[in-house]
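There are 2 protein chains.
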Amino acid sequence: MKFTVLKQSKKSSARAGLLETAHGVIETPVFMPVGTLGTVKALTPELVAEQGAQIILSNTYHLFLRPGADLIARAGGLHKFMHWDKPILTDSGGFQVFSLAKLRQISQDGVEFRSPFDGGAKHKFTPELVVDIQRQLGSDIMMPLDVCSSHTAAKKKIAADLRLTLDWEKRALDHFTSAERNHQVQALFGIVQGGLHEDLRRESAEYLRALDFAGYAIGGVSVGEPAEDLYRVAQYTAALLPPDKPRYLMGVGLPQNLLQCVPFGIDMFDAVLPTRLARHNTFFAPDGPENILNAKYAADLTPLVESCDCYACRNFSRAYIRHLAQAKEILAIVLMTIHNIRYLVNLMRDLRRKILNDEI
Amino acid sequence: MKFTVLKQSKKSSARAGLLETAHGVIETPVFMPVGTLGTVKALTPELVAEQGAQIILSNTYHLFLRPGADLIARAGGLHKFMHWDKPILTDSGGFQVFSLAKLRQISQDGVEFRSPFDGGAKHKFTPELVVDIQRQLGSDIMMPLDVCSSHTAAKKKIAADLRLTLDWEKRALDHFTSAERNHQVQALFGIVQGGLHEDLRRESAEYLRALDFAGYAIGGVSVGEPAEDLYRVAQYTAALLPPDKPRYLMGVGLPQNLLQCVPFGIDMFDAVLPTRLARHNTFFAPDGPENILNAKYAADLTPLVESCDCYACRNFSRAYIRHLAQAKEILAIVLMTIHNIRYLVNLMRDLRRKILNDEI
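Just so you know, the protein sequences line up as chains A and B, in that order.
The end of the first sequence is residue 562 by the numbering used here, with every number in the run present.
The end of the second sequence is residue 562 by the numbering used here, with every number in the run present.
Hints are computed from structural coordinates only; laboratory data are not their basis.
Possibly wrong hints are sitting among the right ones.
Note that identical chains are pooled: a pair holds if it fits in a single copy or bridges any two copies.
Unchecked claim - In silico DSSO-like cross-links for lysine-lysine, where the CA-CA straight-line distance does not exceed 30 angstroms:
1. LYS498 <-> LYS282
2. LYS372 <-> LYS359
3. LYS213 <-> LYS359
4. LYS282 <-> LYS209
5. LYS498 <-> LYS447
6. LYS357 <-> LYS498
7. LYS359 <-> LYS209
8. LYS556 <-> LYS358
9. LYS282 <-> LYS326
With the hints as extra help, turn the sequences into a complete structure.
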């Protein structure tokens with residue numbers, strides 16, 4: 203994997219770059235649609251690509267449980283299994299183990315949890331296993347197992363979780379570089395944790411910088427904290443990361459978040475919101491998200507967003523999409539998912555153009 | 203509308219034809235996917251067309267209730283509203299009024315019913331209004347309002363319903379030809395009713411033949427009767443219809459039904475089953491419909507149907523689609539809908555080729 207900063211804005215820390223992976227080149231800053239289970243919900247891979255998505259995110263935890271990494275490896279890897287030949291980033295599953303799984307039990311070695319399926323079978327994630335699973339998936343960018351503390355936990359607890367996370371990340375990198383003969387093809391990022399505490403974020407960033415990951419993620423944000431805390435931590439942490447490596451702000455992807463955080467020098471974003479909002483009848487619009495079921499759209503023959511060039515806006519009216527949504531037709535979700543992804547793709551393209559012109 | 207029989211098979215009553223409409227030429231025999239509410243469920247119109255669908259069916263009753271024919275007319279008609287530029291046939295709503303609507307009350311003039319929406323507002327369909335609604339929708343082929351008796355009703359009741367239906371059909375045609383200056387563009391079919399009784403079917407067919415509709419449908423089948431009755435009535439009735447007009451067997455569309463009824467000289471079919479089965483995890487296969495959730499598909503990396511050329515079969519495995527279906531991912535429905543439609547399109551193309559070669 204190779205990252206090149208093509209342009210550092212004169213106006214802010216924003217930069218425009220190129221991230222070269224085995225499955226193609228990504229223009230940064232970039233928004234990554236989420237395909238948790240190996241599908242960007244509601245869309246064929248062709249429709250995802252047509253919206254200009256350059257890379258998608260998928261999830262180790264979910265795919266490990268169902269359908270299993272062995273099957274995906276036998277299918278030739280996740281790209282082939284899901285029929286997506288552009289880059290894939292896989293999340294480590296740390297966040298899911300700590301937020302979704304039942305009866306999780308953490309030790310120095312790793313984390314045990316019970317599956318929500320198969321009668322609650324017990325599983326254990328270790329930093330090494332999570333690398334191995336992602337190797338089976340064949341993602342272009344892997345994430346290491348981390349401990350995801352609640353941002354409202356006591357600082358002492360967050361600090362202890364952070365130190366365990368850093369130990370796990372070192373183990374993941376050691377395992378990746380020793381056993382993985384393939385690290386020209388796959389890349390491992392580090393994840394900076396430390397909650398809302400700047401000293402912990404600094405400790406985390408300094409430790410991980412020394413380990414020389416292929417890129418650096420900012421984790422533990424977008425977990426319910428106030429927006430001002432998100433922005434403060436993102437800005438503070440981004441400035442601590444090596445300028446020549448991509449920076450990825452995990453789980454952040456609302457339009458206003460992207461507009462705010464790109465100037466901090468963040469290169470990569472992901473969020474389930476654009477696709478999830480679509481499934482809740484909500485589409486992005488210049489003045490904020492709008493619900494298509496609003497009665498004012500009942501006879502509105504204009505597109506979702508007049509200036510939008512997405513397939514949904516070029517071919518269908520608000521009245522039609524509202525009619526579909528009211529009848530719970532799947533096509534309503536398909537069209538609003540297309541629109542929401544395209545909306546963020548266009549927003550990022552516009553931000554990139556502005557960076558290249560020193561406008562932001 | 204113009205219908206040409208290109209070839210009458212020497213082996214059966216099957217024929218291959220061309221049906222020319224304002225929105226394109228249809229090769230018959232043809233299967234018409236159903237888009238009840240102005241969407242073939244789960245697919246973009248482009249995906250419907252890519253499967254080779256030449257014409258779709260939509261529903262007057264449903265569209266009248268929601269979003270309303272006035273709105274669709276203001277949008278420029280149903281083709282434009284739903285972004286589908288190939289032919290559309292609209293069902294009259296007769297079947298729906300009698301099977302879905304509450305508190306229907308039938309009179310010589312028409313049928314009153316309560317909407318399932320809007321606090322049960324009262325509506326009345328007359329033969330004339332149903333033509334007017336379909337004129338607003340702008341469908342290529344309209345159907346007249348009919349009384350849909352239960353096939354298990356007493357013969358006396360079925361006969362009375364039939365005579366009312368014939369009166370309504372004459373009124374529909376009178377209204378269509380007198381008020382409709384547009385009948386070069388839109389066409390009105392007649393519907394033969396009469397339950398499972400051959401003498402009533404004959405009476406119906408003879409009455410309607412004299413009225414010179416643009417085509418003739420066989421209604422009141424595929425409503426729970428045994429397959430042998432369906433085939434008997436379809437074959438008996440088809441033989442009573444004018445050879446130079448298209449014949450449409452309403453609501454029939456399982457693969458075995460198509461194979462059986464094309465040799466009777468039926469030219470057009472529709473059914474919700476291919477799309478409905480897909481939403482119930484079921485795909486068409488050579489030995490009959492199969493459920494993708496079957497455990498035997500869990501690690502099966504072959505396509506749904508090895509010989510199928512559909513998008514789903516070219517790009518995805520049973521294991522992947524089963525994984526999606528198990529996780530209730532929308533893409534599972536999308537892929538199986540694509541497959542099921544394509545399966546019937548291919549089956550009809552194959553039958554047409556066989557007719558042209560006197561093989562069936």
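The hints, checked one at a time:
1. LYS498 <-> LYS282: between (44 angstroms within a copy, 21 angstroms between copies)
2. LYS372 <-> LYS359: within (20 angstroms within a copy, 82 angstroms between copies)
3. LYS213 <-> LYS359: This pair counts as neither: shortest intra-copy Cα distance 38 angstroms, inter-copy 83 angstroms.
4. LYS282 <-> LYS209: Neither way: LYS282 and LYS209 sit 34 angstroms apart in one copy and 45 angstroms across, limit 30 angstroms.
5. LYS498 <-> LYS447: Answer is neither; intra-copy 47 angstroms and inter-copy 46 angstroms both fail.
6. LYS357 <-> LYS498: Neither way: LYS357 and LYS498 sit 48 angstroms apart in one copy and 51 angstroms across, limit 30 angstroms.
7. LYS359 <-> LYS209: This pair counts as neither: shortest intra-copy Cα distance 40 angstroms, inter-copy 81 angstroms.
8. LYS556 <-> LYS358: Answer is neither: 42 angstroms inside a copy and 78 angstroms across each miss the 30 angstroms cutoff.
9. LYS282 <-> LYS326: within (27 angstroms within a copy, 55 angstroms between copies)
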